[in-house]
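A.B. asks: All chains should be built: construct the whole structure from the sequences, respecting the hints.
Quick note, the sequence shown lines up with residues 1 to 378 if you use UniProt numbering.
The hints are simulated quantities; they were obtained by calculation from the structure and are not laboratory data. Remember, predicted model here, so these are calculated numbers, not experimental data. Where a beta carbon is used, it is the ideal one built from N, C-alpha and C, also for glycine. The reader is advised that the hints may include incorrect statements.
[Stated by the list, open to error] Restraint ranges, calculated between C-beta atoms of paired labels, are given here:
(1) D50 to V6: 43 to 51 angstroms
(2) G39 to E190: 36 to 44 angstroms
(3) G39 to G89: 40 to 48 angstroms
(4) L331 to Q61: 30 to 38 angstroms
(5) K369 to G89: 50 to 58 angstroms
(6) G320 to R15: 23 to 31 angstroms
(7) E305 to Q61: 20 to 28 angstroms
(8) P88 to A372: 53 to 61 angstroms
(9) I7 to E305: 46 to 54 angstroms
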Amino acid sequence: MNKPPVISAFLPPRRILMGPGPSDVYPQVLAAQAKPTVGHLDPLFIGMMDELKQLLQYAFQTENDMTLAVSAPGSAGMETCFVNLLQPGDTVIVCRNGVFGERMRQNVERCGASAIVVDNAWGEPVSPEQVEDALKAHPQAKYLAFVHAETSTGALSDAKTLCALAQQYSCLSIVDAVTSLGGVELKVDEWGIDAIYSGSQKCLSCVPGLSPVSFSAKAVARIKARTRPVQSWFLDQSLVMSYWGGGAKRSYHHTAPVNALYALHESLRQLASEGLEQSWQRHRDMHQLLKHGLNELGLKFVVAEPYRLPQLNSVYIPQGVDDAAVRKQLLEQYNLEIGAGLGDLAGKAWRIGLMGYGARRENIALCLKALADVLTNH
Numbered sequence: 001m002n003k004p005p006v007i008s009a010f011l012p013p014r015r016i017l018m019g020p021g022p023s024d025v026y027p028q029v030l031a032a033q034a035k036p037t038v039g040h041l042d043p044l045f046i047g048m049m050d051e052l053k054q055l056l057q058y059a060f061q062t063e064n065d066m067t068l069a070v071s072a073p074g075s076a077g078m079e080t081c082f083v084n085l086l087q088p089g090d091t092v093i094v095c096r097n098g099v100f101g102e103r104m105r106q107n108v109e110r111c112g113a114s115a116i117v118v119d120n121a122w123g124e125p126v127s128p129e130q131v132e133d134a135l136k137a138h139p140q141a142k143y144l145a146f147v148h149a150e151t152s153t154g155a156l157s158d159a160k161t162l163c164a165l166a167q168q169y170s171c172l173s174i175v176d177a178v179t180s181l182g183g184v185e186l187k188v189d190e191w192g193i194d195a196i197y198s199g200s201q202k203c204l205s206c207v208p209g210l211s212p213v214s215f216s217a218k219a220v221a222r223i224k225a226r227t228r229p230v231q232s233w234f235l236d237q238s239l240v241m242s243y244w245g246g247g248a249k250r251s252y253h254h255t256a257p258v259n260a261l262y263a264l265h266e267s268l269r270q271l272a273s274e275g276l277e278q279s280w281q282r283h284r285d286m287h288q289l290l291k292h293g294l295n296e297l298g299l300k301f302v303v304a305e306p307y308r309l310p311q312l313n314s315v316y317i318p319q320g321v322d323d324a325a326v327r328k329q330l331l332e333q334y335n336l337e338i339g340a341g342l343g344d345l346a347g348k349a350w351r352i353g354l355m356g357y358g359a360r361r362e363n364i365a366l367c368l369k370a371l372a373d374v375l376t377n378h
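C.D. replies: Listed below in structure tokens is the structure:
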């Protein structure tokens with residue numbers, strides 16, 4: 001028999017997380033997660049879930065009854081929307097202006113549906129004109145899928161206009177709000193969004209591992225009208241809603257991540273306490289501070305100013321600067337994490353996050369001072 005390994009307790013350092021996620025977590029959220037675990041069918045926990053649903057509806061600005069947190073990260077939220085709505089043979093207009101638009105395309109094809117791709121350059125928003133051209137050219141399309149806030153580039157697309165186009169051409173909209181929820185204006189009901197997903201670890205400043213989702217009444221009707229079962233048992237919303245439905249009667253579906261849901265409840269309480277509009281404004285204000293400092297350092301933004309995400313700032317790496325060496329130095333000397341570029345921007349850009357609890361002045365001051373020191377000595 002093998003001897004048991006001798007391993008010390010893991011003691012992570014206190015990092016300042018200014019990458020593309022996870023973001024700095026509210027101290028109150030970390031404390032909430034440490035509370036005693038109860039059963040996932042405990043009456044007190046069920047009462048908390050009802051509150052959590054109300055808080056999610058506020059964050060999404062929706063009255064959708066099917067609003068809940070998937071017990072898995074944002075990528076599972078993405079898959080939840082696609083596998084519940086799509087059936088083999090469906091046609092989907094997919095907008096691709098970065099890594100996560102491409103992931104949407106892959107989800108479409110894994111569902112046996114056909115993806116009509118609308119491409120825009122990395123760093124640019126989705127073009128409503130190109131989307132309308134695609135909708136006109138493919139009247140059989142049932143869905144329009146796009147990323148509201150493209151995390152790989154820091155570009156913000158016009159979700160309100162794109163959803164209006166979807167409605168005009170009798171499509172349901174599927175929207176990636178992983179990085180936008182809580183950080184920029186987002187109004188699910190007013191804009192007519194049909195299926196939307198996000199992540200707990202971005203502007204909500206919660207621990208990673210949960211994915212808020214919401215489905216409109218039209219989307220729910222489409223799910224109920226399916227002619228074949230959803231290909232994923234775990235993500236099948238017709239089964240999950242029997243657990244997340246209101247009231248004391250809940251049927252067992254899976255063992256919910258109890259303590260992580262405590263954390264999400266507290267992070268959404270923090271958002272509600274601040275107020276959505278105030279949160280959106282704080283992210284804008286902190287972006288302006290960071291932008292001014294980055295400009296003084298001579299760093300150039302990837303995204304044109306009208307389309308920049310305040311919470312995710314992509315800047316080009318100066319010529320001759322070693323990307324990995326700078327990020328390693330920031331981490332080792334300043335306990336500061338910024339993100340590397342993805343895809344077309346790998347090795348060409350840094351991604352600096354200002355998300356949720358992380359969007360505050362002291363983080364910006366540290367980031368700018370650390371970057372200045374490292375770049376001067378590089």
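A.B. asks: Falls inside 40 to 48 angstroms, the C-beta gap from G39 to G89?
C.D. replies: Hint holds: Cβ distance 42 angstroms, inside 40 to 48 angstroms.
A.B. asks: When you take the CB atoms of I7 and E305, is the distance between them in 46 to 54 angstroms?
C.D. replies: holds (49 angstroms)
A.B. asks: For P88 and A372, compare the CB-CB distance with the range 53 to 61 angstroms and indicate the outcome.
C.D. replies: About 55 angstroms separates the Cβ atoms of P88 and A372, which means 53 to 61 angstroms holds.
A.B. asks: Does the Cβ pair E305, Q61 satisfy 20 to 28 angstroms?
C.D. replies: Once the Cβ atoms are compared, 26 angstroms apart, the range 20 to 28 angstroms for Q61 and E305 holds.
A.B. asks: CB of K369 to CB of G89, is that within 50 to 58 angstroms?
C.D. replies: Check passed, 56 angstroms falls within 50 to 58 angstroms.
A.B. asks: Are G320 and R15 spaced within 23 to 31 angstroms by their CB atoms?
C.D. replies: holds (27 angstroms)
A.B. asks: Confirm or reject the claim that D50 and V6 have a C-beta distance inside 43 to 51 angstroms.
C.D. replies: This hint holds: roughly 45 angstroms between Cβ atoms.
A.B. asks: In this structure, is the beta-carbon distance linking L331 and Q61 contained in 30 to 38 angstroms?
C.D. replies: With Cβ atoms ~37 angstroms apart, the hint holds.
A.B. asks: Return holds or violated for the Cβ distance of G39 and E190 against the range 36 to 44 angstroms.
C.D. replies: With Cβ atoms ~38 angstroms apart, the hint holds.
Every hint, counting from the list given before, is met by this structure.
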